[in-house]
Amino acid sequence: MMQRLAAVVEPVVTREGFELVDMAFRPAGRKHVLAVMIDRLGRESYAPPARDESAEDLGTVGIADCVRVSKALSPVLDVEDLITTAYTLEVSSPGLDRPLKTPRHFAMARGMAARIKTRVPVEGESFFIAPIVEAGDETVTIEHRGAPLEVPYRLIARANLEVQL
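FYI, in the working numbering the residues of the sequence shown are 12 to 176.
Heads up, some of the hints might be wrong.
[Said to hold, decoys possible] Beta-carbon label-pair distances, calculated as ranges: (1) GLY73 with ARG126: 34 to 42 Å; (2) ALA39 with ARG79: 19 to 27 Å; (3) ALA83 with PRO159: 38 to 46 Å; (4) ARG26 with GLY157: 41 to 49 Å; (5) VAL144 with ARG54: 18 to 26 Å.
[What the hints assert, rightly or not] Listed below are the simulated EDC-like cross-link pairs for lysine to aspartate or glutamate, each with C-alpha atoms no more than 20 Å apart in a straight line: (6) LYS112 with GLU149; (7) LYS42 with GLU55; (8) LYS82 with GLU161; (9) LYS82 with GLU145; (10) LYS82 with GLU154; (11) LYS112 with GLU55; (12) LYS42 with GLU134; (13) LYS82 with ASP148; (14) LYS128 with GLU101; (15) LYS42 with GLU27; (16) LYS82 with GLU21; (17) LYS82 with GLU55.
Just so you know, these hints were derived from the structure itself, not from any lab. The C-beta atom is built at its ideal place from N, Cα and C for all residues, glycine as well.
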């Protein structure tokens, strides 16, 4: 079902000027939630912006953007009727601890710390909080204990930016 939903959701999100970062369909009490995470198209880096810039100048996603995408998605989802149970549509930005799902996401986070959980141990460990050094087509290189460590994307169960306050 998620692939069919993504095939419907992604073109609408793109048409509105955003990238589909992630999508989940999960139970929430007696209903379900279709959670759609969006980001602006064309961003080159996730590096923090200067403090005096507004959300629009930064290319970040604001509440008005989420409302706009939600209003564009709702009628399309109703017509396509892929979800047969009661649900709520929730459109949000990736947030500070944004998920890293694709090689492009890892490349945009180069130089930033990430929290990475692997499916199987890599060099004897399954959990890393480390800066991203490089992002290739098949692996991400992190700095682990002062040395570069290549982690194949296929082994990554979950990855997020590590919030640095």
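Verification of the supplied hints:
1. Take GLY73 and ARG126: their Cβ atoms lie about 25 Å apart, and the range 34 to 42 Å is violated.
2. Remark: the range hint 19 to 27 Å for ALA39 to ARG79 is upheld by a beta-carbon distance near 23 Å.
3. The given range of 38 to 46 Å is respected by ALA83 and PRO159, whose C-beta atoms sit roughly 43 Å from each other.
4. About 46 Å separates the C-beta atoms of ARG26 and GLY157, a value consistent with the hinted range of 41 to 49 Å.
5. In this structure the supplied range 18 to 26 Å holds for VAL144 paired with ARG54, their Cβ-Cβ distance being about 20 Å.
6. Using a Cα cut-off of 20 Å, the hinted pair LYS112 and GLU149 holds, with the two alpha carbons roughly 13 Å apart.
7. Between LYS42 and GLU55, the direct Cα distance comes to roughly 37 Å. Violation of the 20 Å bound is thereby established for this hinted pair.
8. For a cut-off of 20 Å, the pair hint linking LYS82 to GLU161 is broken: about 42 Å separates their Cα positions.
9. At most 20 Å may separate the alpha-carbon atoms for a hinted pair to count; LYS82 and GLU145 exceed this at roughly 38 Å.
10. Restraint check: the Cα-Cα separation between LYS82 and GLU154 comes to about 42 Å, which exceeds 20 Å; the hinted pair is violated.
11. As the CA atoms of LYS112 and GLU55 are separated by approximately 15 Å, the hinted pair is consistent with the 20 Å bound.
12. Between LYS42 and GLU134 the CA atoms are separated by roughly 42 Å; this puts the pair beyond 20 Å, and the hint is violated.
13. A distance of roughly 35 Å separates the Cα atoms of LYS82 and ASP148; the hinted pair therefore is violated under the 20 Å criterion.
14. Taken as a hint, the LYS128 and GLU101 pair is broken in the structure, with Cα atoms around 26 Å apart against an allowance of 20 Å.
15. Distance hint between LYS42 and GLU27 is unfulfilled; the C-alpha atoms sit about 27 Å from each other, more than 20 Å.
16. Of the pairs offered as hints, the one joining LYS82 and GLU21 holds, with about 14 Å between alpha carbons and a cut-off of 20 Å not exceeded.
17. A threshold of 20 Å between alpha carbons decides the hint, and for LYS82 with GLU55 the separation of about 27 Å lies outside it, so the pair is violated.
Of the numbered hints stated above, those contradicted by the structure are hints 1, 7, 8, 9, 10, 12, 13, 14, 15 and 17, listed in ascending order.
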